[in-house]
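Chains A and B are the protein sequences, given in the same order. First residue of the first sequence: 0, per numbering that gives the first Met the number 0; consecutive thereafter. First residue of the second sequence: 0, per numbering that gives the first Met the number 0; consecutive thereafter.
Be aware that a few hints might be false.
To be verified - With a straight-line Cα cutoff of 25 Å, these simulated DMTMM-like cross-link-like pairs (lysine to aspartate or glutamate) come out:
id, chain 1, residue 1, chain 2, residue 2
1, B, 72, B, 44
2, B, 27, A, 73
3, A, 113, B, 124
For the record, the hints were derived by calculation from the structure and aren't laboratory data.
There are 2 protein chains.
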Amino acid sequence: MSEQWLDAIAWTEDGLVPVIAQDAADGKVLMFAWMNAEALRLTAETGHAVYWSRSRKKLWHKGEESGHQQVVKEIRLDCDNDVINLQIEQKGGIACHTGRRSCFYQRLENGQWKAVDPVLKDPSDIYGKS
Amino acid sequence: MSEQWLDAIAWTEDGLVPVIAQDAADGKVLMFAWMNAEALRLTAETGHAVYWSRSRKKLWHKGEESGHQQVVKEIRLDCDNDVINLQIEQKGGIACHTGRRSCFYQRLENGQWKAVDPVLKDPSDIYGKS
Chain A
0 MSEQWLDAIA WTEDGLVPVI AQDAADGKVL MFAWMNAEAL RLTAETGHAV
50 YWSRSRKKLW HKGEESGHQQ VVKEIRLDCD NDVINLQIEQ KGGIACHTGR
100 RSCFYQRLEN GQWKAVDPVL KDPSDIYGKS
Chain B
0 MSEQWLDAIA WTEDGLVPVI AQDAADGKVL MFAWMNAEAL RLTAETGHAV
50 YWSRSRKKLW HKGEESGHQQ VVKEIRLDCD NDVINLQIEQ KGGIACHTGR
100 RSCFYQRLEN GQWKAVDPVL KDPSDIYGKS
C-alpha cells in the first residue's frame, strides 16, 4: 500500500508531528501528544490512537495500561501539513493521567492557574499500585 | 504584577509553548501555533491572541493583516504545563491563511489527504495583492 500520505507530512527534525486529540462528540480537546510515522500509520491501520512517547522513547498505545483507549473517527491535517487533529471516542471518558476527562483542566484566573475540572477516577485506581 | 503564572509554564528549549486555538462557541479546533512568554503575557493582558512566528521570528498579532483577530475567552494549560488551549471568538469566522474557517481542513480518506472544507474568502482578498 502506498504511504504517500505519510510522506506528505512535514515531520520535525526528530521525525515527529504534534497531535491534538479531540472528542468527536462534543469537540472537547482531551490531550496533546506526538506521533512518529510508525505511530500514525498504526493509528490509521488499527483505528486506535498510538502515540510516540518522547520521555520513554517508544510507541505508546494509548490505554495500554489504563484501558482508556481512543477510537479514531477521523484524522485531519492542517494547512502546513505539520499538525494532526484526531477526532476520537475516549474509552472510559478519561484521557488525562490525573484521572480527569481532559489534560487541559487548568484555567488562568486573575493571574493564577486554577484546576477547575474534577478528577473522575483516582490515578492509583487507573494505573494500579506498582 | 506577579508573573508566576508565566514561570509555571514548561517552555521548550527555544522558550516557546504550543497553543491550540479553539472556537469557544462550538469547540472547532481552528489553528495551532506557538507563543513565547511575551506573546502569552500580551494575550492575557489584551484579550487578543498574540503568537510567536517561528518563520518570521517575531510577535504575530493574529489578525494584524487579515483583520481576523481572535478574542480570548479562556486560557487553559495542560497537566504537564507545556501546552496552552485558548477558547476564542474568531473575528470574520476565518482562522486559516487559506481563507478557510479552520487550518485542519484536510481529512485522511482511503490513504489520501482530501481538502474537505470550503474556502470562505479568497486569500488575495484577505491579504491584498502585495
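How the hints compare with the structure:
1. The hinted pair formed by residue 72 (chain B) and residue 44 (chain B) meets the criterion: a straight-line CA distance of about 12 Å does not exceed 25 Å.
2. Between residue 27 (chain B) and residue 73 (chain A), the direct Cα distance comes to roughly 14 Å. Compliance with the 25 Å bound is thereby established for this hinted pair.
3. A hinted pair counts as satisfied when its Cα atoms are at most 25 Å apart, and residue 113 (chain A) with residue 124 (chain B) does not qualify at roughly 42 Å.
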